[in-house]
Structure formats: C-alpha cells, structure tokens
Amino acid sequence: MSASSREFDVEAIRSDFPILQRMLDPDTTMIYLDGGATSQRPRQVIDAEVAFLTQDNAAVKRGAHRMASAATDAYEGARERIADFLGAPSPDEIVFTKNATEALNLVAHSFGNGDSSTPARLRVTEGDEILVTEMEHHANLIPWQELARRTGARLRWVPLSEDFTLDLTDLGSLLTERTKVLALTHQSNVLGTVNPIAQLVEAARAVGALVVLDAAQSAPHMPFDVAELGVDFVALSGHKMLGPTGIGVLWGRYELLEAIPPFLTGGSMIETVTMERATFAEPPARFEAGTPPISQAVGLAAACDYLDTLGMEQVAAHEQALTLRALEGLAGIEDVRVIGPAASPERTGAVAFDVAGRHPHDVGQVLDSLGLQVRVGHHCAWPLHRKYGLHGTTRASFSVHTTAAEVDALIAGVAHTVDFFRSL
Amino acid sequence: MSASSREFDVEAIRSDFPILQRMLDPDTTMIYLDGGATSQRPRQVIDAEVAFLTQDNAAVKRGAHRMASAATDAYEGARERIADFLGAPSPDEIVFTKNATEALNLVAHSFGNGDSSTPARLRVTEGDEILVTEMEHHANLIPWQELARRTGARLRWVPLSEDFTLDLTDLGSLLTERTKVLALTHQSNVLGTVNPIAQLVEAARAVGALVVLDAAQSAPHMPFDVAELGVDFVALSGHKMLGPTGIGVLWGRYELLEAIPPFLTGGSMIETVTMERATFAEPPARFEAGTPPISQAVGLAAACDYLDTLGMEQVAAHEQALTLRALEGLAGIEDVRVIGPAASPERTGAVAFDVAGRHPHDVGQVLDSLGLQVRVGHHCAWPLHRKYGLHGTTRASFSVHTTAAEVDALIAGVAHTVDFFRSL
Amino acid sequence: MSSQLSALYTELVIEHDKRPQHAGLRDPFDTEVHHVNPTCGDEITLRLHLTDDEQIEDLSYDAIGCAMSRASASIMADLLIGHSVEEMDPVRAHFEEVMRSRGRLEGDEDLIGDGIALLGAAKFPGRVKCVLMPWKAYQAALVEIRALEG
Amino acid sequence: MSSQLSALYTELVIEHDKRPQHAGLRDPFDTEVHHVNPTCGDEITLRLHLTDDEQIEDLSYDAIGCAMSRASASIMADLLIGHSVEEMDPVRAHFEEVMRSRGRLEGDEDLIGDGIALLGAAKFPGRVKCVLMPWKAYQAALVEIRALEG
Ligand SMILES: Cc1ncc(COP(=O)(O)O)c(C=O)c1O
Ligand SMILES: Cc1ncc(COP(=O)(O)O)c(C=O)c1O
Numbered sequence: 001m002s003a004s005s006r007e008f009d010v011e012a013i014r015s016d017f018p019i020l021q022r023m024l025d026p027d028t029t030m031i032y033l034d035g036g037a038t039s040q041r042p043r044q045v046i047d048a049e050v051a052f053l054t055q056d057n058a059a060v061k062r063g064a065h066r067m068a069s070a071a072t073d074a075y076e077g078a079r080e081r082i083a084d085f086l087g088a089p090s091p092d093e094i095v096f097t098k099n100a101t102e103a104l105n106l107v108a109h110s111f112g113n114g115d116s117s118t119p120a121r122l123r124v125t126e127g128d129e130i131l132v133t134e135m136e137h138h139a140n141l142i143p144w145q146e147l148a149r150r151t152g153a154r155l156r157w158v159p160l161s162e163d164f165t166l167d168l169t170d171l172g173s174l175l176t177e178r179t180k181v182l183a184l185t186h187q188s189n190v191l192g193t194v195n196p197i198a199q200l201v202e203a204a205r206a207v208g209a210l211v212v213l214d215a216a217q218s219a220p221h222m223p224f225d226v227a228e229l230g231v232d233f234v235a236l237s238g239h240k241m242l243g244p245t246g247i248g249v250l251w252g253r254y255e256l257l258e259a260i261p262p263f264l265t266g267g268s269m270i271e272t273v274t275m276e277r278a279t280f281a282e283p284p285a286r287f288e289a290g291t292p293p294i295s296q297a298v299g300l301a302a303a304c305d306y307l308d309t310l311g312m313e314q315v316a317a318h319e320q321a322l323t324l325r326a327l328e329g330l331a332g333i334e335d336v337r338v339i340g341p342a343a344s345p346e347r348t349g350a351v352a353f354d355v356a357g358r359h360p361h362d363v364g365q366v367l368d369s370l371g372l373q374v375r376v377g378h379h380c381a382w383p384l385h386r387k388y389g390l391h392g393t394t395r396a397s398f399s400v401h402t403t404a405a406e407v408d409a410l411i412a413g414v415a416h417t418v419d420f421f422r423s424l
Numbered sequence: 001m002s003a004s005s006r007e008f009d010v011e012a013i014r015s016d017f018p019i020l021q022r023m024l025d026p027d028t029t030m031i032y033l034d035g036g037a038t039s040q041r042p043r044q045v046i047d048a049e050v051a052f053l054t055q056d057n058a059a060v061k062r063g064a065h066r067m068a069s070a071a072t073d074a075y076e077g078a079r080e081r082i083a084d085f086l087g088a089p090s091p092d093e094i095v096f097t098k099n100a101t102e103a104l105n106l107v108a109h110s111f112g113n114g115d116s117s118t119p120a121r122l123r124v125t126e127g128d129e130i131l132v133t134e135m136e137h138h139a140n141l142i143p144w145q146e147l148a149r150r151t152g153a154r155l156r157w158v159p160l161s162e163d164f165t166l167d168l169t170d171l172g173s174l175l176t177e178r179t180k181v182l183a184l185t186h187q188s189n190v191l192g193t194v195n196p197i198a199q200l201v202e203a204a205r206a207v208g209a210l211v212v213l214d215a216a217q218s219a220p221h222m223p224f225d226v227a228e229l230g231v232d233f234v235a236l237s238g239h240k241m242l243g244p245t246g247i248g249v250l251w252g253r254y255e256l257l258e259a260i261p262p263f264l265t266g267g268s269m270i271e272t273v274t275m276e277r278a279t280f281a282e283p284p285a286r287f288e289a290g291t292p293p294i295s296q297a298v299g300l301a302a303a304c305d306y307l308d309t310l311g312m313e314q315v316a317a318h319e320q321a322l323t324l325r326a327l328e329g330l331a332g333i334e335d336v337r338v339i340g341p342a343a344s345p346e347r348t349g350a351v352a353f354d355v356a357g358r359h360p361h362d363v364g365q366v367l368d369s370l371g372l373q374v375r376v377g378h379h380c381a382w383p384l385h386r387k388y389g390l391h392g393t394t395r396a397s398f399s400v401h402t403t404a405a406e407v408d409a410l411i412a413g414v415a416h417t418v419d420f421f422r423s424l
Numbered sequence: 001m002s003s004q005l006s007a008l009y010t011e012l013v014i015e016h017d018k019r020p021q022h023a024g025l026r027d028p029f030d031t032e033v034h035h036v037n038p039t040c041g042d043e044i045t046l047r048l049h050l051t052d053d054e055q056i057e058d059l060s061y062d063a064i065g066c067a068m069s070r071a072s073a074s075i076m077a078d079l080l081i082g083h084s085v086e087e088m089d090p091v092r093a094h095f096e097e098v099m100r101s102r103g104r105l106e107g108d109e110d111l112i113g114d115g116i117a118l119l120g121a122a123k124f125p126g127r128v129k130c131v132l133m134p135w136k137a138y139q140a141a142l143v144e145i146r147a148l149e150g
Numbered sequence: 001m002s003s004q005l006s007a008l009y010t011e012l013v014i015e016h017d018k019r020p021q022h023a024g025l026r027d028p029f030d031t032e033v034h035h036v037n038p039t040c041g042d043e044i045t046l047r048l049h050l051t052d053d054e055q056i057e058d059l060s061y062d063a064i065g066c067a068m069s070r071a072s073a074s075i076m077a078d079l080l081i082g083h084s085v086e087e088m089d090p091v092r093a094h095f096e097e098v099m100r101s102r103g104r105l106e107g108d109e110d111l112i113g114d115g116i117a118l119l120g121a122a123k124f125p126g127r128v129k130c131v132l133m134p135w136k137a138y139q140a141a142l143v144e145i146r147a148l149e150g
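Protein chains in written order, with my numbering: chain A, 1 to 424; chain B, 1 to 424; chain C, 1 to 150; chain D, 1 to 150.
If you're looking for bench data, these hints aren't it; they were derived computationally from the structure.
Small disclaimer: the values here were computed from a predicted structure and weren't measured.
Among the hints, erroneous ones may be present.
In the PhoX-like style, the derived pairs of lysine-lysine whose C-alpha atoms are separated by at most 20 angstroms in a straight line are [stated by the list, open to error]:
| hint | chain 1 | residue 1 | chain 2 | residue 2 |
| --- | --- | --- | --- | --- |
| 1 | D | K123 | B | K61 |
| 2 | A | K61 | C | K136 |
| 3 | A | K61 | C | K129 |
| 4 | B | K61 | D | K129 |
| 5 | D | K136 | B | K61 |
| 6 | C | K123 | A | K61 |
So here's chain A without its partners, still in its complex pose (with noise of 0.2 angstroms):
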C-alpha cells in the first residue's frame, strides 16, 4: 500500500494541518520540529473521528443493535487497514493497546506469565536470557529489566559503538541457546540510527529466540512491512504517526499470539466465566480487555489512508532530504556536535545534537524564543545519554510538513544559540 496517489507537496501538506496557523506570540511562528516525541494530526484524521462520533458511536463487540453494528464495522474495520499498513497477514494479528509501551509491557508481562502448558520458547524463566540494546527507549528496557526481576532472568544488552550504531562484534556471546527474546528498537529515537533488523533476526532465528521490534519510530517513516522484516513482535503507538493519542498497536504472528496468556483481564476478552475462574477469547480479543479506544482506532486508520496517499517511500524521501540538509547546516557550526551516525540511507527523521557547555534546557530555551519547538533532554534514552557522557541532547525531528525553510531556520537558530551564549 505504499503508492502514493498525491504528488508530495509540503506546501499543500502543510494546508492539512490546522495547527501549524498557529503562532507563538504576535511575532513567532510556530516551527514544529518534534514530530518524533508526537505527530500533528491532518485535519483528514481529525474529521475521521469526530464523523464517527457523530454519526456512529457505539459500544463494539457487545451490542446486537444497529449502532452496535455500525461502531463494530469501524473499528474492525480500521484493525484491517492497520494490518495492510503493516503488511501483516492478517487482521487478526493486530492488537489494539494504548500506545507503544503498553505493546511492550503486554509482551514482557505475557512472557512472564505463562504455566505449564505455554511452549517453552514463549516462557521466560530462571537462567534463561533477555537480549536489548543500550539504544533502547526505556519503554523497551524496563519492562525487560522487570521481568529479569520477576522470572530470574538474566537481562544483557548490545552496547553502542562511537559510531553511534550497535556494536556487534560480541553479538556471538550475547545472543545464545540461552536466550528466549532480543527486543530492539527499529529506529533510535536519539541517534537517527536504523538497526540491521535482517542480520539480527537472522542470528536471533539461529539460536531459537524471538525477536521484538519497537517500531515507534520507524513505522510512521519508512515503508514498514512486518513480513518482510522477519520478526515476531512489532510495537508501535498511533500518535507518532499523525493518528491519536490513546491508541498503539501490538503485531504479532498468529500463532504465537495464540500461544501466550492474556495480560490485561476483564470484558470482552473471555470465552466462559465463572466466580472461579475464566477462559479466554482467541487474539486479538484475548488482549483487548474492556472499551477499546474506539474513535482513536478509526482516528488510526484514517492517519494509515493519509500516509499511504502521500507514499510511504515518498514520506521517506522527504524526511531522509532534510536529515540530509539538517546534518550539512550543523556540521558547519563550531562547538555543535551531532549525535548520531553520519548520513546515510540506514538514519531518518531524528538529528540530535551537542552544544559544547551548554545545558540542552538552555539551549531548546533560546531556540524556544525563535519558534523552533525541538525537544531537550534524555529523550526516555538515558543509558545512551550515559554511554556518550551526555547528560542530554538537543533533538529535532522531521514530518512530512516539515519544510527545507524550516529546516534552515533551525540551522541559522542553533548558530544563534551558540552565539548568543557567547556573547553572555
């Protein structure tokens, strides 16, 4: 579904998206360049939903009446656009969350959780090993750290190389018969990084373990195809991908999703239920305890329509140009570094940068001032920070309305940031 069937026009993109009116104060306009922490959403995603508030909402699942029906029909139907934005098989493997993290936890819990009658490969217990990297989002890290807690379980991780990419040369002592699960991220949100998903995959298939793709970033950027990419698990959240806040998904391959207890219990996802005890719905209901969020799935879908009209390749493109344009401008200014791997076609969207002595607060503060609206600090990605001495960074990231006019502004804003420091 990645044909585009619109000509890639930032300007007419831009008219989309009733928020980038808006000013900051009388003189500001508002340089939105934090599409990486969440997305503006297109008007086309914003009408999607309030038409279905006014005309179609109602309990799913639950009800036999018409309105029933009609609210059922728009959010499996939106379950099926997801699974073709995904590329996955089936309709059936897209579970409904309320964001990223929570995809994660699901599996990081479903992991823990499981009896006798879970497949071995899908239970985590002690001596068994966890294998993430030092890239991670801590919504890929803590939930791993907390189920090493609970199961005793033996968490490692792939450190960061200067090149800020993975380092692979241990990869062979850290990815053995030991261990049940790899969970890496696709795309670091600090460095710009993009995994080599195949090779890891590969190796993680070579000695049994199953491999969970936070695919926050990646998915909203790049042509996205679950089967392609060879992994079992795939997180993402609607909100970094111009749908709402209030919804991710979890992908997972059928028959493992099959295979796994349920995490969150309640309505909706049971088959029979006594005081004593209840059996569980296949998947996906069997993860979709309680109210889902109805609008926000139809919100999603709408934000999928609007995406692949615009191309996946072509938003890829686009944003892969002004990383491009963004790292160029920077390089030329003294006491600027970025962190993050030179470019190349394997780092998009996310170009973070050093200020040498300058606090990121203080830095972001006087960019604030010109209207560029880039995020300061660790970025949930602490142990990176760590790793390269920083104790945060300065981070700008790129949307499909971003312009090149941006793009310079912020080059000619962090130049002034740094002049303007300075001059103090």
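Given the coordinates of chain A, assemble chains B, C and D with the ligands onto it according to the supplied hints.
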C-alpha cells in the same frame, strides 16, 4: 461542583448531541438506550478535543518548548478538573489509564507485585483473601481471579440474593482478618442496584481490608465524592461519562499510591535509569508509562464541565424519574420480568429484563427494528446471570439526553415484541 | 411487522425453532464438542458420528441460543445427516460465504435447502455469528475426529 | 535578543552560572541528599550542616543542570548560609510561591535578594522545576536532619 448552572431542559441538552439526529433508516429514528455500554458525546466534548488538537497539541511533560508547556497545562489542568469532579483531595491522586478495566488491573497487579519494602496491607500473598461480589462486571472479577491464581490467595464473594441486592447475611464470615481487599461495584451495570458502600467500608475497615470501588456505572450518573465514600481506590471510564474512549481514571489515596509498585513501565514514569535497573517517579507519574491519552484527558475534563453545568443532582433525578417510568411500564407487560430491584433511590439508570421464553438476541432484534438501541446478552456479568438462571437479559440504560417519550417508546416496543413472537 | 424483521423470522425459521430437528444428544458418537459465543453466552454441544468412509451417520446436539442459532442447528442437522462429509463441504462453504456477504450474495437453494430461510440474518452482522455457530461446531468436530483417527 | 530571553538569562543568572557560590561538596555535614529531575536528568547533591539551634553553618552542593538550576543553587546557598532555618522559611515560601505564579506575582527583593534574578523563569512552566530543584533538595535535607535528631 455539583451545583448546576443550567436548567435541566432535555430538549436543549439533546441539541448538544449531534448523533441524536441520526436516522437508522429513512423511517426509523434512533433511540439510544445504551449509555450503560458507552455514552454519546456532546458537541462541547468533541469541540474541546478538536480545539486542543488544532491549537495546543504536543507531547506532555517531556518538552521545554512552548507547545509542550501548553499541552502539559491542558493535560494537568484536566487532571485537576477530574480531581475536582470526583472530590479527590489532590490531583496527584488521579492516574489516567485507558479505561476502568486497566485501572482495576493496575490495582490488582500492583497488589501482587510488591516486595519486602511494600507495606503488608498492600501485598496480597498466599493465605490472604480477596473478597468480591457475585454481581461484578468481569472487569472487577477476572483481575482478582488472576491475582489469586498468581499469589495463592483465596477469592471469595458476597452472594446475590433473590431480591437482586447483595446478600450480606454472612458478611461476618466472608470479611475476616485474612481479607486484604474488598473489590466491588458501586452500581451494578445489569441490575441497577446501588450497593451500601458506607456499611461495607465500615465492615472492611474493621478488619483492615482495603476497598476498591468500581465506579464505572455510578460516577457518571450521581453526585460522587471519593472523600465521602471513604473507599481507597476508585476506577472509572471516560466513555461512560460523555467523554472519549481511550481514557479511564484510577483514583487512589496518595499514601497508598505512594506505597504500591508500578504496573506498566517505560518512559515518563521513572526517576533514574541505568541498563541494570530503574527507580520510579512519584505518583501519579509512576503509573502513567508512555505517552498518555492527552487530547482524551482534555475531552474528559470538558465532559466533567458539561455534567457539572447540568448538576449531578439533577442528572440523577432525571435518570431516576426515567427509571421509575420504565419500571412501571414494563411491570404491566405480561411475560416480562425486570431483573433488578423495585424502584427505589437505591437503584438507578439501568433496567434489565427477561421476556419469558425469548432469547435476548431475538428481543433486541425486534426492538432494533423500532429504532430502540438496547443491549442484549450477559453484559460482561456472566456469573450474575447464571445466579438467576438466565443466559442473558435485555438492558435499557438512560442518559442525560433520554426523554420520557423515549422511555414510553421502549415500553411500547417491549409490548410489541412480546406480541410479535406470540403471533408467530 | 417490518420487512427486515420478516426477512429474519421467516416461517421456516420459526418452524425449526419451535420444532428443532434431530435435537438432543444421542449415542453412539465419535466425538463431542462444546462451543460458546462469548459475546452472548450462547452454547452448543454437538455430537458427530461418522462411518469409516466419512458418511454422516448421526449428528445430535443441544443448543442454547436465539431463534436464529437454534433454527440454524436444526436446519444444519437436516442437511447433513445421511450425506458424506465430502458431499456436504460445498454446502457448508457456500452457506458460510453467503452468510458473510452482508446480503450481497444470493443463496443457492439447490445447495443449502432450508438454509435459504436463514439468509435474512446476513444483513445483520450481529446475527451472522449466531447462525454460523452450529456450523463452526460441526467443523471442530470433524477436525477432532480426523485427529483421533490419525 | 528577545526580551523574554533577556528576562531569563539576566546578568546575575549568568554571573552565578559562571561562578557558582559555595559550590563543591564540603565537610563537615549532617546529611547529604541527592535529587534528580526525571524529565531532564538534572541532578543535585546537597550537603547541609546545622548548629544545634538550627543555624545553617554550611550548605555545599554539586549541581548538574542548566544555567537556571545552577544559578538557583548558587543564589540559594548565598541566601541561606549564616542564617537560621526559621528565619529563612518565609524566604523559601515566598520564592516558591512567586516561582509558581506564572509571572502573576512580583518578588520581594528584600526577602529573596538575588533570587529576584531568577523570576524570569516563572513564565516558563518548563523551567520552574529547574529553579526549584535546589530548594527541594534543601527541604529534603532538612527533613532528614530532623528525622535523625528526633
Ligand atoms: C460496572 C462496570 N465496571 C467496569 C466496566 C468496564 O469499563 P471499560 O470497558 O470502559 O473498561 C464497565 C463497563 O463495561 C461496567 O459497567
Ligand atoms: C523508540 C521509541 N519507543 C517507544 C516509545 C514509546 O511510545 P509511547 O510513549 O507512545 O508509548 C517512543 C516514544 O516516546 C519511542 O521513541
């Protein structure tokens, strides 16, 4: 905040709900009597969310830029608004979840995840008892079954009596020194029964048990004040109180929230993180891993505004009058039996009934043909139905926008349904 | 009575609901399966008895459910008993396809016989599951028997 | 330079950031606390040394953070050292109130001295925490000392 500042004029209220204009087919007006499953949204709620998305949307908590501040203000302002609506002493006692189900899971999981540093009263272990009731929604039953399974604690329950209220005869032997938690619903989503919380809280206090209240069906329909209720935790859902799906609330006493371990882990809930381990932030952040339902919080706050403008006393009075009308009308139809207590101030909003010899699906089908959108089945309260020898019921539930004429249409519709099947 | 309702509660449906064919659990049987519809709590227990060459000797059942699901079980039993599994496979496939078509496809009465009377439900997504539940149970029973045999 | 920025990075702030007063961890001390701002990773280690009648003999610290938080630590140490806890309590309370007022309240220079230079941050909700972190650490240290003693 229960003092109304608007006359309770149902026609004016109806004009706030765009979806009420919907026709099911050219001849059939929609009569929405399924607010118990999910409520409809007034324009004010939809508009608040759209305004946020088109003006202030950004990631919360994490950014130093002005958009992030605006979004954080909106999100934290919503927390204050909801604390106020629930009578919570502090906004720091409000945890945003995805729905009531997650809120209940959070408490149930946290009670099982403590270690030696957790106070004993907040740790359920082998030999402890958990007390629920036979009228619970699956959301407030299965998480406790699972906690019992994981910890070796024993799950017990207060039985239902023939008059559709809790049978408290044996409370003394059910609620003992071994009981760590009493988890019960404020109002049954099937029977409409409102439980005697004050009495139960006193009994629980006497044995040192904590009280977890499922307020999913009560907080939206009556004046509600956590301080007055005297319970320890409260769970509810946004979508049942005119607000968005994708958001729920857990209220907890601060000193308890402070003492229980986190549930979901990831970004924004940490204090420090190394590769080996993490320490966690104070509540409520500790329980809000990942990007929260930001625009949904704004929508929920607008729903609180809307309800408070009507006045919760008046909302309750309106829905009670409709309930009384429905009970009287249905009582006059042969072969129809209401499953719930007789009219009284201790019963509201939901009216479930059984049509002798007819499956609820068939009843609901005929009612749907008349535009009446009622729910059929076990309403996620299967044990309750089993208790009364039923496979399901048909349930009408009333909202602020329900009119007396709609209730009359229900009564006429049920009479017609009985005739219809008799005639076949 | 609305025309949609009459399309649903056809005379044949009511007939089968009131006087279900082949109802009740009987011996002998090769396997017994139990199916539940978690949304409405409907249940069916189904026993299947095949000859060695997969002729359906007997199919007996106990169904709790709405008129549509009870009638569907009755009509299914009528269709299947006395025929071979192979012969009935296109019947099952066609019936399921038409039921899931939301009313876009018309049913072939030569294939599905009285099943034609159930097609009104195809327009009601909430009811499709009710009608298909007995067939799902039949399929599950087939899978079990075949697994038992090797 | 925008006027908002100049209200934030005042000469005094820059002065204190460049040459922080009383910085570095010193002996003797009664207690040491460590505080972290989880959103940005800023850290402060603070040591407090009181006399028996709660005079602040010494307050030393090691702060990692932005200019605002470092300047705030420096100004705070300047204000507190040599005074009694009781005397300084209204200073702390007033400073916190003004900082949280979003710029609605003006600061009393007689009370908070150089602290007045930090008030530009009150208009930036994202920075209020930076400025208050040293004060939070001071309060935590007080609580600890009192707990040790009592
Ligand atoms: C009494 C009760 N508790 C809990 C829930 C669960 O709410 P949700 O599905 O929004 O999590 C419901 C609604 O279905 C309910 O009626
Ligand atoms: C790489 C990565 N993983 C996971 C997440 C968590 O996403 P969310 O906060 O939406 O759960 C993020 C975003 O913050 C991210 O950048």
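Quick rundown of the hints versus the structure:
no. : hint              : result
1   : D:K123 with B:K61 : holds, 16 angstroms
2   : A:K61 with C:K136 : holds, 19 angstroms
3   : A:K61 with C:K129 : holds, 11 angstroms
4   : B:K61 with D:K129 : holds, 11 angstroms
5   : D:K136 with B:K61 : holds, 19 angstroms
6   : C:K123 with A:K61 : holds, 16 angstroms
The structure fails none of the hints (numbered hints given earlier).
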